Structure formats: C-alpha cells, structure tokens
Amino acid sequence: MWTGEDYEYDAECSAMWELALQAMGSSTHACRFSASFDRGQARSHRVFVMTAIIATSAARLAARALTAEEKHEIDHEMTLYPDKKAVGLEALKIVQKHQGWVSDESLMAVADYLGMSAHELDGVATFFNLIFRRPVGKNVILFCDSVSCWIMGCDRIKDHISKRLGIDYGQTTADGEYTLLPVPCLGDCDRAPVMLMDGEQHRNLTPEKIDQLFAERAQKK
Amino acid sequence: MTRAPFDIGQYRAAGGYASVEKMLKTMAPGDVLDLVKNSGLKGRGGAGFPTGLKWSFVPMGENAPKTKYLVVNADEMEPGTFKDRLLMEGDPHLLLEGMMIAAYTIQANTAYIFLRGEYLRAEKLLKNAIAEAHSKGLLGRNIQGSGFDLEIILHTSAGRYICGEETALLNALEGKRANPRAKPPFPQVSGLWGKPTIVNNVETLCNLPGIVNYGIEWYKGLGLGADAGTKLCGVSGRVKNPGCWELPLGTPIRELLEDKAGGMCDGYELRAFLPGGGSTDFLLPQHLDLTLDYDVIGKAGSRLATGTMIVLDDQTCPVGMVGNLMKFFSHESCGWCTPCRDGLPWIDEIFQRFEKGGGLESDMQVLTDHLEYLGPGRTFCALAPGAMAPLGSALRHFRDDFHDHIHGGGCPWQR
Ligand SMILES: Cc1cc2nc3c(=O)[nH]c(=O)nc-3n(C[C@H](O)[C@H](O)[C@H](O)COP(=O)(O)O)c2cc1C
Ligand code: SF4
Ligand code: FES
Chain Z
11 MWTGEDYEYD
21 AECSAMWELA
31 LQAMGSSTHA
41 CRFSASFDRG
51 QARSHRVFVM
61 TAIIATSAAR
71 LAARALTAEE
81 KHEIDHEMTL
91 YPDKKAVGLE
101 ALKIVQKHQG
111 WVSDESLMAV
121 ADYLGMSAHE
131 LDGVATFFNL
141 IFRRPVGKNV
151 ILFCDSVSCW
161 IMGCDRIKDH
171 ISKRLGIDYG
181 QTTADGEYTL
191 LPVPCLGDCD
201 RAPVMLMDGE
211 QHRNLTPEKI
221 DQLFAERAQK
231 K
Chain X
152 MTRAPFDIGQ
162 YRAAGGYASV
172 EKMLKTMAPG
182 DVLDLVKNSG
192 LKGRGGAGFP
202 TGLKWSFVPM
212 GENAPKTKYL
222 VVNADEMEPG
232 TFKDRLLMEG
242 DPHLLLEGMM
252 IAAYTIQANT
262 AYIFLRGEYL
272 RAEKLLKNAI
282 AEAHSKGLLG
292 RNIQGSGFDL
302 EIILHTSAGR
312 YICGEETALL
322 NALEGKRANP
332 RAKPPFPQVS
342 GLWGKPTIVN
352 NVETLCNLPG
362 IVNYGIEWYK
372 GLGLGADAGT
382 KLCGVSGRVK
392 NPGCWELPLG
402 TPIRELLEDK
412 AGGMCDGYEL
422 RAFLPGGGST
432 DFLLPQHLDL
442 TLDYDVIGKA
452 GSRLATGTMI
462 VLDDQTCPVG
472 MVGNLMKFFS
482 HESCGWCTPC
492 RDGLPWIDEI
502 FQRFEKGGGL
512 ESDMQVLTDH
522 LEYLGPGRTF
532 CALAPGAMAP
542 LGSALRHFRD
552 DFHDHIHGGG
562 CPWQR
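The listed protein sequences correspond, in order, to chains Z and X. Residue numbering for the first sequence follows this note's numbering, starting at 11 and increasing by one per position. Residue numbering for the second sequence follows this note's numbering, starting at 152 and increasing by one per position.
For the record, the hints were derived by calculation from the structure and aren't laboratory data.
Here are the simulated lysine to aspartate or glutamate pairs, EDC-like style, with alpha carbons at most 20 Å apart:
no. : chain 1 : residue 1 : chain 2 : residue 2
1   : X       : Lys275    : Z       : Glu87
2   : X       : Lys391    : X       : Glu420
3   : X       : Lys507    : Z       : Asp165
4   : X       : Lys217    : Z       : Asp93
5   : X       : Lys278    : Z       : Asp85
6   : X       : Lys275    : Z       : Asp208
7   : Z       : Lys148    : Z       : Asp185
8   : X       : Lys278    : Z       : Glu87
9   : Z       : Lys230    : Z       : Glu210
10  : X       : Lys327    : Z       : Glu130
11  : Z       : Lys94     : X       : Glu325
12  : X       : Lys173    : X       : Glu368
13  : X       : Lys278    : Z       : Glu210
14  : Z       : Lys107    : Z       : Glu80
15  : Z       : Lys219    : Z       : Asp208
16  : X       : Lys411    : X       : Asp444
17  : X       : Lys371    : X       : Asp446
18  : X       : Lys327    : Z       : Glu87
19  : X       : Lys327    : Z       : Asp122
20  : X       : Lys275    : Z       : Glu210
21  : Z       : Lys94     : X       : Glu302
22  : X       : Lys507    : Z       : Asp169
23  : X       : Lys327    : Z       : Asp93
24  : Z       : Lys107    : X       : Glu274
25  : X       : Lys278    : Z       : Glu83
26  : X       : Lys507    : X       : Asp555
27  : X       : Lys176    : X       : Asp300
28  : X       : Lys217    : X       : Asp300
29  : X       : Lys346    : Z       : Asp93
30  : X       : Lys391    : X       : Glu409
31  : Z       : Lys95     : X       : Glu325
32  : X       : Lys275    : Z       : Glu83
33  : X       : Lys327    : Z       : Asp85
This one's a predicted model, so the numbers in the text were calculated from it and none came from an experiment.
The following block holds chain X by itself, in its conformation from the complex (with noise of 0.2 Å):
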C-alpha cells in the first residue's frame, strides 16, 4: 500500500457513503438485515458466521434495550495474518461506511474500535477520518436528517492476542483482564455493559457498503463457487511475490499461490501450507487445486479462517515452523483454563527439546494427548483448540521430521 489513503473529499466523489446516505432515505433497519441475511455475507474474522445471522440475534423494536453497541475487530494478531491493517490503512473511511451500516441496522448509536496498540498508522488515519465524517455531519446527531445518531470511538489496545477473541475483547473495552466470557449469554444479547452488542471483523463491515449499494445478486455474483463475495487473501513466505489481494471466493487455491505470489522462490519447493493463518490445519501440495470456499476448505480438514496463507518450503524446518507457532500460543494464553495455561507451555518445552535434542519419543504421545485435552469443547475458548491445528496436521504429515529430531539430537536444519 503506497498510496495516502482517499480523505473524505476524494472518497465520497469516489463514491463513497452513498450506500449510507441511500439507507438512511429508503431503507429501514430491518430492511438492511433482510438484505445482509441474503447477500450470504459471512465473518471474515475466522469463524465464517453468517454476519445477517449473527445480527438477528440482537433484540429489537419498542421493548429493547434503548442503549446497544456496535464494536468492531481490528486486534489482528493472528501469525501471518495481514490484511485489516491494509484495508484501515488503505481505506479508512470504508470501515467508517460499513460500521455506519451495522450500527444503524442494530439501532446502535455507540460504535467503538478495537484497535491493536501497535497499528499506530493505522489508528492516525482512523481518528483522522472519523474527525472529517463528523465535520461533514455523517457522524454525530441527527446523521443528514435521518433522526438517527452514531458516535464512532477509537479504542487502542495494548497487545494480546486473546484480545481477538470477542468475549475477551468485550472485557478489554470494559476495562477488565481481558480473559473470554461464559456463553452464553450471548453479546448479541447481554455485551458491553451488559447490553446487546455485535462484534464484527473489519473486513466483514468492508463488504457492506458494496452490498448496500448494489444488492444481493451482485454480491453473490461476485463469489465463484458456493460462496458470496470476495476475500482479502494473503501469501506469506519463500515466495517470489508475497503480497494480499482481493479475490472472489471460489477462486483455486493455486490462482492466488502462483500467479498472484507468483510461486515458489528459485531453489525451493512447496511443502505445504496453512491457508488462514497460525490457527488453521496444514494443507499439502495435493490441495493445490481446491476453491478458496469455506466449506471446500473445511472438508478438506483445515479453515479458510481468515484467508492469509503462510508457506512453508522444502528447505525450512517444518518442526521449527510448528514449534514457533506453540511458542506464540503458550505466550498468548490468557490463563484462565487449566488445560490450556498449564498444556501449551508443556508442548512449547517439549519443541524446545526438539529443537536443541533431548527429545524423547514418549513425547510424541504426550504431543497427541493434548491434541484431545486442548481440542474442541475442553477449554473455555477457541485459543486452545487453534493451536491443535497446526500442531495436529504436522504430527499427521511430518511424522519423519519429528523422528529426526527425537532421533538424530535435534534440528537437522542448522539454520
């Protein structure tokens, strides 16, 4: 991203917040979540919710709650994710636009940002641009009329991942150890404060301007398989051209690693790859040729989560490469469950014996044994089961390579 990102001026006569100034004269809140319910716009933030869906869950009309919130995602922490700090980076005011959508939908008049404390460029251009849609009268009181209000805060954090985690981050904003919440209640229904809250990624809220303006059979024309719309997509590691681009969903696999990235480095092969960042399941060379869908993925056994893919080559340890991710994942959790605060530093040592040899081949049964303590539904949040995926798919697909160390005194890549 080189270029300064559009201020309000280029941006509206590009376009931009007609989709909001076309709502608030035509359409209704539940017009909106018709439209987003149909358009099979889905999380971008990991979890592949469906976003209208999620947003029908919020209690509405005379006997709500007069006070519900808006809060967006934008603590991208995930390793070897990259793509909402491009697009707040890129576009500001488009994530503007989009929380306006939300927000009016769900009747919220409070919107706040999650910002990750270190997108310190990113947080300069937000505040900017939410000063110039105050100036012009798109925030504040009465928005162009409408009757309708929206506050929009930026929120900076202060650095840790479980920060992402929606319930956690809902305790951050409070002002709270930042440790996920029971659910339910759901925020949708008891958030922020305890009234109905919705949290969506940015990338998500990115896509509503679109819908708004050019309807559902537009937004699904725009996926090329079963799902709707485009994805940022992402490529990171020994490739020629690294880089995000913006795909339509259904596009193959081997599209966005060979003529967007442009392939592997010279002198190096793929080996494989986890295709949505550090808390996905490692797909092999054979997958290549599978969609970018988030069912398609899903069958194959990993998550399009949130669509940055991180190579590993020939030539890089794929036992260092998982065991860097533990590393992260051990540092990051929060604490609050046993099995996760005390079973991931226990798998980032035994990597770490790995890595300087002393490993012990009765660890490869303590490595599976977590897989099913820290797997789905035995801790209290989706951090610990994350990091089971990688670490499942390598003990599948590089059974030799731990062999190797466990055998051979350590790391056979001196690097």
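The following block holds chain Z by itself, in its conformation from the complex (with noise of 0.2 Å):
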C-alpha cells in the first residue's frame, strides 16, 4: 500500500523526479522515489516511478563501465545458466559487493551487458529486500523482527541499537558505519532475539550484549 509518506530523497533524484513526471504529463502524483529498502507494497509505484526516471535521464546519465573483476565474475554465472537474463540478480549481488549498493549508473551497465532493458533489470532490484538502490553503510545490520523474535522482547533490543547508534530502519549512521534494516525470520528462532551483521549471525540478543558487541567493533578500528 503506498501511504503517501514523506521520504528524504536527494537532489539528484529529486531532480529525476521532476524529469519523470513532465515525461509523465503529470505533476500532480503523490508518489515519490523512496529507498529500496523500505519492504513495502510502494514497489509496484517503484518500478513505475523509476522507469519514467529511467526512460527520461537516460541521456543525461550514462551506464559507468563495468570493472574488470565485476565482468569475469559475472561472465562465470553466465557459464552456469542456459541464458543470460538469469544472471540478472547474481550480476547485481556482484555490483553490490563490489560498490556497496546498486546505483542507476551501475543497473545501466549490468543491463547494458545482460542485453536487457535497464527498467526490466530495475523490475528484478526493486523486487529483492537486499538490492540496496541507495547508498548504505559499511555494515548493514539486519535485525530479525519476525514472530519469534518479537515474542522474545526484540523491539526492545531494536529500540536499544536505534537509541546506540541514533538511527531508524532504513537509515545509516552520519559516520557511514551502520545501517540497520528489519529482516524476516532468520531461521534462528530458538535463539532469538537474532540478527546478521559482517556475514555473523547474532544470538540470544540483550542490550549487554548489544554493548559488547559495538565496544568489541569500535575497539577493533
């Protein structure tokens, strides 16, 4: 359900967006580009929403080049499906790595290399909870608010790291350490409260131990 909510967006994209809905013939639209990462029903308006966006500064933004490490391992996925549009996501988990996030100048040249259209493969990044079409920390913390999780206190533990790091799902730190998004169900429900972050998955969560955890990081650096 789109809500009409007021989300912060750039000024590039704000740009965009103008660009998009004079290509629209319509500036009256309540809706607006939000974060991939927002894992509600606003997709649909996405895609519609990004490909206007796609179709109207496509002459104003390029495809970047793909490095060299991107393409041979994107060229290794295409060894293992019978055609080349599979590799659609695995080729935006490999930008991801390597970039941290998917930008629209990255899906340009992922589509340009797969032979799609850039709003065909934007219809696959917008569709997956962890293609990131915005700019995230360093860490992405994803914290398990599923059922079992919530029965044992973890909007508690949610409330403790959002106090910590001063940020709310779908935000990041101002130091570009964090960012803290809710995930479904991590298949940890024994030991909930759970989450994963830096490829860990964390257990039995309390606010000790949510302390512990960032001294132990904030130590390390």
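Both chains are sitting in their own frames, so use the hints and assemble them into the complex.
The following block contains the structure:
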C-alpha cells in the first residue's frame, strides 16, 4: 500500500523525479521515490516511477563501465545458466559486493552487459529486499523482526540499537558505518532475538550483548 | 549445532554416499521412483504432498524432453521456521546425496539449489561440499562409470519470502520478478525454462538416502502413527529449552513441548501455539495430546506444515503476535493479485490501530470478511490463505483480547 509518506530523497533523485513527472505528463502524482530497502508495498509504484526516471534521464545518466573483476565474476555466473538474463540478480549482487550498493549507473551497466532493458532489470532489483538501490553503510545490520523474535522481546533490543546508533530502520549513521534494516525470520528462532551483521548471526540478544558487540567493534578500529 | 559438519572423507567413512553407489549400480530410475512412492514420504516444505507421486508426473522415456531440472527449495523464510538451515549447516553432503537420488530418478542432469541469500554459512558450506563431491567423482560426467551426469549449481537469492512458493521460485531462478505462475501447467511438465522440473524442500531430499539404503519397511517403521519416517520438529517462544529435534512422525506434541523443549519457562503458562510456522492455525493446550501427524493436525483444524512450533505464552499479547505476522505477510505479498496486495496492508493497518488505540468494533467484521476474500481459491497463490490461518484462528480463540484492544484504547500489555 502506498502511504504517501514523505521520504527524504537527495537532490539528484529529486531532479530526476521532476523530469519523470514531466515525462508522464503529470505533476500531481502523489508518489515519491523511495529507498528500495523499504520493503513495503511501494514496490510496484517504485518500478513505475523508476521506469519513468530511467526513460527520461537516460540521456543525462550514462552507464558506468563495469570493472574487469565485476565482468569476470558475471561471466562465470553466465556459464551456470542457459540464459544470460537469468544472471540478473547475481550480477546485481556482484556489483553490490564491489560498490556497496546498486546505483542507476551500475544498474544500466549491468543491463547493457546482459542485453536487458534497464527497467526490466530494475524490476528485479526492486523486488528483492537485499538489493540496495540507495547507498548503505559499511555494515548493514539485518535485524529479525519476525514472530519468535518478537515474542522474545526484539522490539526492546531494536530500540536499544536505535538509541545507541541514533538511527531507525532504513537509516545510516552519519559516519557511514551502519545501516539498520529489518529482515524476516533468520531461521534461528530458538535463539531469539537474532540479527545478522558482518556475515555473522548474533543470537540471544540482550541490551548488554549489543553494547559489548559495538564496544568490541569500536576497539578493533 | 556446534560441531563442524563432516567433510567428504568423514561423511563417506560414516556411510555417506552409499545410497548413491547402491542406486547407480543396482537400480533403474523407475525402481527408485517405486521405492520412494511406496515409502510414504511426504514433502517437508509445508504442503505435505507425497514425493513419489509428485515425481511420477515428470515425463520419462525415449520421447521425454532431454533437459530436465531438479530444484531444491532452500529459501526457508517462514516465520518461526529453523530446520533447513540446520540441515545444510550440519550436514551439507546429506542434501547433495539426496539431490543425486532425486535427479537420477527423473534423469535430470542439472540441479539448482535455491538458497536464501541471508544463509551465508550454509552458502559457504554447500559450495565447499559441491567442490568436494566433484573432486571425488560424485558429480560431473559419467558418475562412477554409470553413464549418469549431474551438475549441482548453487543459486543464492536476495530475500523475498514469496520465492519459496515453487513457481515464483522458478521465475526468480530465470532472473525474473518472483511472481508465482499459473498452474497448470505444473512444473513437473513445464517448469524451469519450460522444461520438466521438480521442486523439493531440503528436508524432503535429506530423507532419501535412508530410504534407498534401508528400504520401505524400515522407513515406514520409523513413524509411530499413520505417517512414515521422522521429521525435524522445533519449538520457539518462552520455553525452557527451545530447539530443534528429529522425532518420529506420530510423536505426541506434549512430548515435543514438555520433554524436548523442557516445558514453559518458570512463571509462564501455555496459551496457544502455531504447530508449523507462521502460516498455520493456532492450536490450544487441549491439543497437546495430539500426535505430530499430517492428518491428525489437519483434523484438528491446523497444519503440521514445517513442523516448527511457535509458542504463545500467557504474558504475550495474542493480538500483537498476530499483528506481527500480518505485518510480515503484508510486506512479503508479491503484489500480483488484488485481494492479497490490497487486503494484507489493510489488515496490517487495522492491527496497528489495535495496538495504539483507535480500533473500531467494525474492524472485526472487516477482518472476518478478509478471511473469505483472501481464502483458498480467491488468490493467485497460497501466501494469502496462509496468512489467514493465524488470523482466522485468533479471531475464534482470542475474541476477548481483541475486545480489550478496541474498547481499552490500545494494547493492554504495555511491553
Ligand atoms: C508463500 C509460500 C512460501 C513458501 N516457502 C517455502 C520455503 O521457504 N521452503 C520450502 O521448501 N517450501 C516453501 N513453500 C512450499 C513450496 O511451494 C513447495 O510446496 C515445496 O517446496 C515443495 O517441496 P516438498 O514437496 O518437498 O515439500 C512455500 C509456499 C508458499 C505458498
Ligand atoms: S496471493 Fe499474494 S503473494 Fe500470492 S500471487 Fe497473490 S499477491 Fe502474490
Ligand atoms: S523469528 Fe527471528 S529468527 Fe526466526
């Protein structure tokens, strides 16, 4: 459901948005460009909006060149599927691994490389919770907000993290270190509450454990 | 799961891959099909569909398409479900062994594992296990001189519950948005890239080596009731010893909850439970003596489904719990069909009002109406009917709690 909430969006997106609106012949449309990690029903809207954005800004935005490493990894994926298009998601994940997120320029580069249209590929990108179409922090915290963790008090832990880092779901700390995102059940429900950070699952979370985790990380740096 | 999984040497020393050797030497694909059919194995992915029957729809013989696929559904994301991850992290070779049996039976030369993107440890272990199996000649061309070829490819997804629905999964594997497909045609006839395909759950496949090694009587004998074999059963929530155990099907629920999971935490009482993940109907303490059998739980009005039980205690708000599930289903709706795309966010919004205050008596009718609008047969796939299971049963069992939220200005359980 599109709620019409205000989202912060950067100047570039805003400019593209204006262009897109003009292209659609409408300036009254209530939808906004949102982050792809808001996993709401905004998706279908987003695709529609992004399609218009891509269509109108193609002249302005050029696809960047994929790096040799990215190409090499994508080429390997292509050997595993009978159809080039099938590696769309893998290619996006590869780019995200190297760049941290999937910018419009990256998206277009991948689309070119796979012989797909940018909006077809963006339809895939926006479908998946873990493809980031906006910049994210160096560490993405995937915090389980599903039922078993909820029963075991995950809301309290989430509030603790939010307070400690000064960010809510979908936000990144000012120093670019952390992004906090909700994630469905991480399959560790017997050790709830649970979160995934740095490729590692952290279980039986308590406020003390959270403090300890972040203190250890701060020390390592 | 604390010990490191067996590497291929340890696994083979413990009898691993014996079923594959036996099968390739002494059994034709049709023999394996008959064996699995007669074993009574039912799918462990949620629906409990007989595995042999599912396989029997795949065209075989001279005129069958040359390209066929086996796909493993390892997209585990059902709230409260933690069993496939344990299998893949604890014994990755067991899954590969099971896959070889399934692929051989339908004569598929390519098998994809569709793994949930967040399961990073399973990804690493499976990648390694596949490489090990390759190096020992258990994968690749002409496996052990049998003339059978098989490649196993690991695909990692990027987080979307609907990818677990088998036809949506096929679209995702093809690189498309993961909306489900219309059935028929069924995947067994026209699946991945239009080729005959079977999709099986991780745990289902892990049952196969035992069946091939020890036979039908042994497998049936494992079950205590009508259903054959064992099942991974989990308990989460406020119990003393939450966890996951392999139990014979037909084990009383009470044994799982009280003996294995140690009963409720001190100071907490059992109020209700979801027997098999977030898409099942609530059962009550009076159901504890039922057995973990597909039909028994079905007759009680719920489903065994994933076999991982979520416990609601007497100090947790049932309305909040269902609200949490509704938010999940609403987020994860793929948006393809109207009742689900628009209905679930509406339900979610109602639960948010219940929580904060602002619930209306008329909301109860809206919720009841949705049970029908999003019920079986009204939506394009089973996600929405699955969401209605906890909702419908909660409306029946927890009426007073809903009433308190509506007339008490919000959730009485200030957490
Ligand atoms: C919304 C939805 C999500 C599902 N998620 C999964 C899943 O994560 N894993 C799984 O094995 N089956 C899942 N299923 C069931 C599959 O569609 C399918 O029935 C199952 O993979 C078949 O395997 P089996 O016969 O071995 O049980 C899901 C079904 C629906 C409708
Ligand atoms: S029921 Fe929901 S998840 Fe299934 S096809 Fe319809 S919108 Fe998609
Ligand atoms: S509900 Fe949080 S890990 Fe399963």
